[in-house]
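Trainee: Residue-level listing of the chains:
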Amino acid sequence: MSSPEIKNLHIELSQYLTRLKVGVGFVLVLGLILVSRLIYLQLIKHDHYQSLAESNRIALLPAIPNRGLIVDRNGRILADNFSAYTLEITVSKAGDLDALLDQISTLIEITPKNLRRFKRLLDESHEFETVPLKSKLTDEEVAILAANRYRLPGVEVKARLFRNYPAGEGLSHVVGYIGRINDADLKKLKEEGRVTNYKGSTHIGKVGIEQTYENLLHGRTGFDQMETDSSGRAVRVLSHVSPVAGNDLMLHLDMELQRVAEHAFGDYRGGLVAIDPNTGGVLAMVSKPGFDPNLFVDGIDPATWKELNESLDKPMVNRPLRGIYPPGSTIKPFMALAALELGLRRPQDAIADPGFYSLPNSRHRYRDWKAGGHGIVDLHKSVVQSCDTYYYRLAVDMGIDRMQGFLSKFGFGAKSGLDMQGESSGLLPSREWKQKRWNKPWYLGETVIAGIGQGYHLTTPMQLAAATATLANGGTFYRPHLVKSMKDGATRQETVISPEVAWKNDFHPEYLKRVRDAMVDVLKPGGTAVGAGAGAQYTIAGKTGTAQVVGIRQGQKYDERRVAERHRDHALFVAFAPAESPRIALAVLVENGGHGGSTAAPIARAVFDYYLLGKRPAGIPVSEEHESAGD
Amino acid sequence: MNQPVISRLARQLTRHLDGLLLALLIALLVLSTAVVFSASGQSGVRLGGHLTNIALAVVVLVVVANIPPHILAKAGPPLYAVGIVLLIGVALFGEIRNGARRWLPLGVVSIQPSEIMKIALPLMLAWFFHQREATLKLRDFGIAALIVAIPFLLVLRQPDLGTSLLIAASGFYVLFFAGLSWRIIAGLGVLGAVSLPLAWGLMHDYQRQRVMTLLDPSADPLGAGYHIIQSMIAIGSGGMFGKGWLSGTQNQLDFIPERTTDFIFAVYSEEFGLLGNIVLMLLYLAVVARGLKIAEHAPSMFARLMAGTISLNFFTYVFVNMGMVSGILPVVGVPLPFMSYGGTALVTLMIGFGMLMSLSTHRKLLKT
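Quick note, the sequences are listed as chains A and B, same order. End of the first sequence sits at 885 in the working numbering; the numbers just go up one at a time, nothing left out. End of the second sequence sits at 696 in the working numbering; the numbers just go up one at a time, nothing left out.
Here chain A stands alone, though its shape is the one from the complex (with noise of 0.2 angstroms):
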C-alpha cells in the first residue's frame, strides 16, 4: 500500500474526529430543546395543566334538593313532588331531529300536544340541553324505550321530580305554579347571585306563591365531587354535600273554606277574599275562573295557552290582587266613620232625601239609586239602606283631600304588602293625583261621585278585603299574609311568621259601634242584604255594593234586564262576622254580578257558616283528607 492511502486514513480519521464533535453538539441541541420544552410545559405552565387535570379528573355532580311542600292552615296538601320517567332529547345528539321524532313515534305513543310542546321548549333552549318530549311514562314506555335506547340517539330517560298540584284550579292563582328556568329566570338569577345553586334545577317558581317564595321553597342544592375516568366513569366520590330541602310552607289559607267559596260563586266570575281580622291572615282567596297550574309544569302546549289567554272569562287574571274596581257603596261605611271621626257629622244628623243632590248654583242632579228617595235618612239608615245622596253632600262637605287622607287609613290606593309578587295598588284619587296625572284641576263635580265609591276610586279585592279586616277589629292594619309558619328544610324546626301590623289607627269606639250596628241592619230586615242575613246563627255586618261596568247617561234608567250579561254591574259585599268580635272579614267580587245583595253577598253567608259554624253546603263534596305526611 501507498502512502496517499495512509494520508487519506489520517485525513478520513481526523474528519471523522470532527464529526463526532459535531454530532455531539447535535445531540445537546436536541436535548436542549427537549429540557427546555419540558420547562415550559412542566413550570411555567404547570398552574394551567394542573387545572386542566384537575377538572379532567373531577365532575360536580349536583344534587337537586326536594322543593318544600306547600299545605293549607289544616294540613292539606296544596302542592308537593312525585317522581316520574320522562323522555328527554338532546338535540345537539339527536342528528336527524324529525327522523328522530318519527322513530320514537312507532315505539311509544307520542301525542299532537306531546309534539307542540316539545317545539315550543325547543325554541326557548340551547342546542346542547335536553328538552323533554313526553312526560309520564309509564313502566311499558320506559322498557320500551330502555330496549331501543341503542338506535336512538339523544334520548335519554331520566327520573325526574314532578310538582303536582291536587288542589287544581281553585287554588291556582294563589300557589302558582312552577315551570322549566328560562332565559329571563337565568338572567334574573344570575344578577341576584344565585344561579350555582340552580345547578341541576331546571324548574321555578313562575307565579304566585311559587314564585314569591321561590327561595325558601327551593332548598339548597348538594354537590358530589366525583372523581371521574377518562370515560366518564364514576371512580370515587371526594366529596359529598347533601342537598337541603326547601322549606314547607304552611298557609293560612283553609282548603275547605276556599272550595266552599268557590262553589258559592256558582258559574260567576269574580274573586273573593278572606282575612282573619286579628292577624291579617289569608283565609280564602279565589279568583274565577282558575286554570290547571298543573299544565305549566311541563311546559303548556301553545293552543292550550292560547286559549286561556284569550278567554273572555280572564282565567290567567289573578283578580283578588290584579283585578280593580270602582268600590261602589261598600265605600260608605268609611265614609260614615270619617263623617264621625272629623266631625262633619253626628249621629243624628239627618237629611231629607229627595232622590237626587245638586250642586249649588248647578241644575245637575246627582241620583240616588232609589227614585223618589229614602225619605228622612240618618247616618244609621245610610248605611242600611245605602242612601247615595246622603253620601254626596257628605262628600262635598269632606273635601277630596280629606276624604283621601282618611280612606288612605284602610289601605285604599297602595298595595296592602300582601306576600305575593304583581299586586296592583288600585287608585285613591286627590287633588295633587290629578294635577300630576293629567294635568287638570279637580272638580267639585268628582268629589260627589266619590262619596259613594265611584269615579277615579278604584280598588282591588284584597285592598278592599284589607280595609273591612281594619274596620273589624277597630283600626289595626295587618299586613294580610298568606304564609303562617314555615319549617326548615333540614332540621324541620319550625317558625310561625307573626302578624305584622303596618299601622294603628285610633278611632273612637263609639263611633266604630256606631259603624258596626248600621252594618249589621244591613243584614236585617230593611236592609239591602236582608236575604242573605235571613237566620244566621251570629251577627254579621256587612255592606252591599254595585260597581257600574257601563256609563249611564242623564235621565236614563238602568234596566237590568236589558243590559248584555258582560255590560251588567259588578256586584260587590263587605262583611265581617261575628260583629260582637270579628274572626273573618271579607271582600266578595262578582263580575256582572248585579246587586250586590242579591249575588255576593250569599256567597260571603255561605264563607260564614263555614268558617264559623262548620256548616257545608248541599252539594260540595267532602274532599279526601291527605294530611301532608312526614310532620
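These are calculated hints, taken from the structure and not from any lab test. Ideal Cβ placement from N, Cα and C applies to all residues, glycine included. Just so you know, not all the hints are guaranteed correct.
Unchecked claim - Simulated restraints on C-beta separations: (1) Asp468/B to Ser268/A: 13 to 23 angstroms; (2) Trp528/B to Leu376/A: 42 to 52 angstroms; (3) Trp510/B to Leu263/A: 34 to 44 angstroms.
On the provided structure of chain A, position chain B as indicated by the hints.
Mentor: Quick look at chain B alone, frame taken from chain A:
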C-alpha cells in the same frame, strides 16, 4: 470440578460487556419497570411480561456483544438483502392494519420488516464504506445513497412516513460519519426545505391530520388532538417534583393514550416531574456519551461508523418520542428507548447496544 467451568464460562460471556454502558442501561430498565407497573394500572401480568422482555433482551445483548465485529460486518449485506426482500414481500402480500401495509404474515407470526431495516441498513452501509476505506470517492456516496433510498422508498409507500424518515436518518448518520461533504449536506437541506410543499401534496390525509394536530391540538380536542392534549396535560400537571409514583391522575384514570408504550413518557413525567425528567435526560445523555466515546476510540472504519450511528440513532429515537409526547413533533409510532413496554423494540435496541459493546471490547482483535 464444575466450578472453574462455570466461572470460566461466565468470564467468557462477560468479557465483552461494557461495564459502564451496562450499568446505565440497567438503571434505565429499573426505571422503566417501575413506570410500566404504574402505567399498566399495577398489573402483575404486564410486569411479568416486561421482565420477560428484559431477560430476553439481556440475553440478546450478551450474545451480540460476543460476536466479533468482522462477523457483524459480514452480516451486513445478507441482512440488508433479506430486509429488502421482506419489504418487497410486504408490498406484495402484506397485511393491512390501520390502513397501512406494514406487516408480513409468516405462518404463525407476523413481522414488521421495517424494524429489521433499522439495523440492517446501517450495518450494510458501514460494511460498504469499510470496504472502501481510504479510497472513498464521491461515486461511493452515490451508491450509498441508493442503498438508503431503496428501503426508504419501500417503507414510505407502505405508508409509514415516520419509520421511513428514521431509516433514512440512520442511513444519513453513516454517510455523515463517513465524511459526506458539507456542501452536499447543505444541498440536501435546501432540497428538503424546497420539497416540503411538494411532500405535503403527496401526504396521506391522516399524515396531514397529524401535522395539523401538532400545529394546533385544540382544533379537534376530542378527535385527533385528544391524545396530544391529554399527554401535555399529564406532563404539565406533573410540575417540578411530580405527583409521585402510582399517583398520576392522568395516568391512573386512563386519560393518557397508549400509556405503557408510545406515551409512557407522559406517565413518567406526570409522576416524577421535571426533576425526574432531568434525571432521565442525563441517563440518556450518559448513554450517548459512552457510545460516542466508544466511537472515538474505535479501531476500524466499520467500528467507527457503527458506533457513531448507533449512538446518534438511539438519541434520535429519544428525541422523536419525547418530542411527540410533549407536543413539538407530530405523532409517529416510536417507543421511548428502554422505557416503553414492548419486546421487539427492546430486542432491536439491545442488538444495537450489543454491537456497540462488541465494537468496544473486540478492539484489539480486529485487524484492518
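Trainee: Look at each hint and say if it fits the structure.
Mentor: Cross-check of the supplied hints:
Roughly 19 angstroms separates the CB atoms of Asp468/B and Ser268/A, a value that falls within the hinted 13 to 23 angstroms. As the Cβ distance of Trp528/B to Leu376/A is approximately 44 angstroms, the hint placing it in 42 to 52 angstroms holds. Checked against the hint of 34 to 44 angstroms, the C-beta distance between Trp510/B and Leu263/A comes to roughly 21 angstroms, which is inconsistent with it.
Hint compliance for this structure: hint 3 is the single one not met.
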